[in-house]
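Asker: What follows is the residue order along each chain.
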Amino acid sequence: MAKGKILVIDDEQSQLELLELFLTRKGYQVRCSATAEEGLRFDRAFEPDVVILDIHLPDKDGLEVLQELKKKNPRSNTIMITAYHDMETTVKAMRLGACEYITKPIDVDELEKAVTRAFRLSAQDRRPDSGGHPTTPKGPIIGNSRAMKEIFKAVGMLCENRVTVLIEGETGTGKELIAKAIHDFSPNRDHPFLAINCSALVETLLESELFGHEKGAFTGAHVTKKGKFELAGQGTIFLDEVGEIPLEVQAKLLRFLQEREFQRVGGETTLKASARVIAATNRDLWEMVNRGAFREDLYYRLSVARIHIPPLRERSEDIRLLTEYLLKKINAELGKNIRKIEEKAMLRMIEYRWPGNVRQLENVLTRAAIATHGEVMPEDAVLPFLGREMAHGTKVDQPPLSLQEVEKEHILKTLNHTGWHITNTARILGISRPTLRLKMKDYKLLPKP
Amino acid sequence: MEARQYLTLKEVRRRHILITLVRTGWDVKTASALLKVTERYLAKEIKKLGLQNPEAWKRG
Numbered sequence: 001m002a003k004g005k006i007l008v009i010d011d012e013q014s015q016l017e018l019l020e021l022f023l024t025r026k027g028y029q030v031r032c033s034a035t036a037e038e039g040l041r042f043d044r045a046f047e048p049d050v051v052i053l054d055i056h057l058p059d060k061d062g063l064e065v066l067q068e069l070k071k072k073n074p075r076s077n078t079i080m081i082t083a084y085h086d087m088e089t090t091v092k093a094m095r096l097g098a099c100e101y102i103t104k105p106i107d108v109d110e111l112e113k114a115v116t117r118a119f120r121l122s123a124q125d126r127r128p129d130s131g132g133h134p135t136t137p138k139g140p141i142i143g144n145s146r147a148m149k150e151i152f153k154a155v156g157m158l159c160e161n162r163v164t165v166l167i168e169g170e171t172g173t174g175k176e177l178i179a180k181a182i183h184d185f186s187p188n189r190d191h192p193f194l195a196i197n198c199s200a201l202v203e204t205l206l207e208s209e210l211f212g213h214e215k216g217a218f219t220g221a222h223v224t225k226k227g228k229f230e231l232a233g234q235g236t237i238f239l240d241e242v243g244e245i246p247l248e249v250q251a252k253l254l255r256f257l258q259e260r261e262f263q264r265v266g267g268e269t270t271l272k273a274s275a276r277v278i279a280a281t282n283r284d285l286w287e288m289v290n291r292g293a294f295r296e297d298l299y300y301r302l303s304v305a306r307i308h309i310p311p312l313r314e315r316s317e318d319i320r321l322l323t324e325y326l327l328k329k330i331n332a333e334l335g336k337n338i339r340k341i342e343e344k345a346m347l348r349m350i351e352y353r354w355p356g357n358v359r360q361l362e363n364v365l366t367r368a369a370i371a372t373h374g375e376v377m378p379e380d381a382v383l384p385f386l387g388r389e390m391a392h393g394t395k396v397d398q399p400p401l402s403l404q405e406v407e408k409e410h411i412l413k414t415l416n417h418t419g420w421h422i423t424n425t426a427r428i429l430g431i432s433r434p435t436l437r438l439k440m441k442d443y444k445l446l447p448k449p
Numbered sequence: 001m002e003a004r005q006y007l008t009l010k011e012v013r014r015r016h017i018l019i020t021l022v023r024t025g026w027d028v029k030t031a032s033a034l035l036k037v038t039e040r041y042l043a044k045e046i047k048k049l050g051l052q053n054p055e056a057w058k059r060g
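Residue numbers (the numbering used here), protein chains in the order written: chain S, 1 to 449; chain P, 1 to 60.
Looking at chain S on its own, in the form it has when it is part of the complex:
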């Protein structure tokens, strides 16, 4: 018996055949179509559970087709395929009700996973129908790495509801941009987005910033002031560096998240507010919970949904794309006309560890742009800003090391750091002690006598 019905709409004949073959073998009942018009006709007659839809079709925009599909058959789930990948299209597609998104060239494992998930969703039929209103693209979030695509998907789903989100990521990874994107794509985008940095204010001031204060609540409180939660209305409050909130204020925040109630500082009346909360941290909050520096109940309240933004060094594949975008921006700001970055400079940047992440990349490019005369940014302009912290001491001009050499060098470096303490070294490296011993033997790593 067939597992379920899938309709594939794709104008590329070879791809269509490949998908048909693959899905038929997996036991699905498959119908194919090369145009939007035909696809929509099939959709009516065939009543598929899942539609796989290419975003580029000869006769119609894929997003429009998606909208029509959803209107006619809200129960079916759609997987979008595209050659492009950008935040805007993904978020649009997710908002219009696509449940999955895969990119060309199609990876069959990825496809199969997406199909399985789509069927699970249609079985549960729990997707609320999202009213497809047009979106205003915002937030220059750039990335084509797998990790970033997952983040785009998450943004697309989270903008539809109002759950509390915790965004984790090192400093400079763009936590606020993601929070802003969730807000800007939400139905409440016309309400305020208020960001507050919890580490920048002393305790009493933070409390009054968040919840407001009554006249005379403390010295200097000459007038009654509304807090951010009141001011945000139906909008979004972005709590940056939420780990820095003192314990007393944490209790108040918890109450707000649980009951949607609070009192102004020095106030008696209980007020209500419905702002959405998005929190961000560059610290390990869970570790803070274990130390007793952060309330466990608040941690769970905040992390209903979590987004982890990887550090730039874990997505070096995005650096080319990022520099292209940033350079355009910097050119406009500085009135320069730099069109290209010398390949050697690019390699340096790809290998650099970027402790300050994308923000640091932008700073370095700006400073290098100032030092550049002409249309090509040379290696010399970039190098002074990269410090000594190159990847593993490799020189761009030298042939790259083999995987084993790099492994060996790193183990040695870590051993020297811990004073050849096996347990600590294994812990840092994230491997077991026996594995470490084995590798030390293989690489002939012995402590100096």
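Calculated from the structure, these hints are not laboratory results.
Keep in mind that the hints are not guaranteed to be accurate.
[Unchecked claim] Covered by chain P, per the in silico footprint, the following chain S stretches (three or more residues, Cβ under 8 Å):
#1 310 to 316
#2 411 to 419
#3 424 to 433
This structure is a prediction, so every number in the text was calculated from the model and none was measured.
The C-beta atom is built at its ideal place from N, Cα and C for all residues, glycine as well.
Following the hints, position chain P against chain S.
Answerer: Quick look at chain P alone, frame taken from chain S:
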């Protein structure tokens, strides 16, 4: 989650493979020669580590 000085072995391997791929323009054959591993092994690692050539779509 501040940038740590010392990375895990897995992170170092991932980074090095990624950097080599980026340098070779995602030519698995050349990259595997530089890394001194077999093409098959590298292809498997690429998949396992979830690495992808972000420029791939440009070639269609």
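Asker: Broken hints, numbered, in rising order?
Answerer: Checked against the structure, no hint fails, so every one of them is satisfied.
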